[in-house]
Amino acid sequence: DTEVTQTPKHLVMGMTNKKSLKCEQHMGHRAMYWYKQKAKKPPELMFVYSYEKLSINESVPSRFSPECPNSSLLNLHLHALQPEDSALYLCASSQDWAGSSPLHFGNGTRLTVT
Amino acid sequence: AQRVTQPEKLLSVFKGAPVELKCNYSYSGSPELFWYVQYSRQRLQLLLRHISRESIKGFTADLNKGETSFHLKKPFAQEEDSAMYYCALGGRGAQKLVFGQGTRLTINP
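These protein sequence lines map, in sequence, to chains A and B.
Mapping of the first sequence onto this note's numbering: residues 1 to 114, in sequence order.
Mapping of the second sequence onto this note's numbering: residues 1 to 109, in sequence order.
By construction, these hints were calculated from the structure, which means they are not laboratory data.
Treat the hints with caution; some may be incorrect.
[Unchecked claim] Listed next, with one range per pair, are the computed distances between beta-carbon atoms: (1) 69(A) to 67(B): 42 to 50 Å; (2) 60(B) to 61(A): 39 to 47 Å; (3) 67(B) to 110(A): 37 to 45 Å.
Since this is a predicted model, take the numbers as computed values, not measurements.
Where a beta carbon is used, it is the ideal one built from N, C-alpha and C, also for glycine.
Okay, chain A solo, but in the shape it has when bound (with noise of 0.2 Å):
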């Protein structure tokens, strides 16, 4: 399996819900990223988990807070959103947390925040 697969693809929330995105990945890759993407933007980076241990945090509001559970998931607990926070999540993995390691991409969750 070389693909990372996000789950659910679209997801509409209020402002007051809880949710989660799911992400996976079996290649056996040891880093893993939650970027965030604006429209005919570049991916932002959100956090960088490195052997299931968080290693950045980019200065991203408490409102996401994500999760490893182990090697293969990563997950990002939604809570309080903001209409501004409407975007496209994208899961990254890739080999090891390095600047020098290539990046796969899941497909992303459009969300929208009502």
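Use these hints to put chain B onto chain A, whose structure you have.
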């Protein structure tokens, strides 16, 4: 600090014409450069990386450390090359991959 500049937001060429997407970077360490491509309704995917020195789908890119550039080239554009292209910069000691703003390439028939 890492910085990537893609000067062209939009680039339109005719089928069969040569295409060059520009990428300039700034990094104090040893850079690793990548080109990622996003076709319509497909995931963002790696096109090529400078250390591979290979041609993918007819595209090549050479790292020019003197000019701090990593331009993407193809001698004869095809309609299926229409996509969004991102140049990305990492490197030894870099904590993350930094993406340029992207260039939307349109190949006209």
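Exercise. Is it true that the C-beta distance of residue 67(B) to residue 110(A) lies inside 37 to 45 Å, as the hint says?
Worked result: 39 Å, holds
For this session: Just tell me: holds or violated, for the beta carbon distance of residue 69(A) and residue 67(B) against 42 to 50 Å?
Result: The hinted range 42 to 50 Å holds for residue 69(A) and residue 67(B), with Cβ atoms some 45 Å apart.
For this session: Take the C-beta atom of residue 60(B) and the C-beta atom of residue 61(A), compute their distance, and say whether it sits inside 39 to 47 Å.
Result: Taking Cβ atoms as reference, residue 60(B) and residue 61(A) lie about 41 Å apart, which means the hint holds.
The structure meets every hint from the earlier list without exception.
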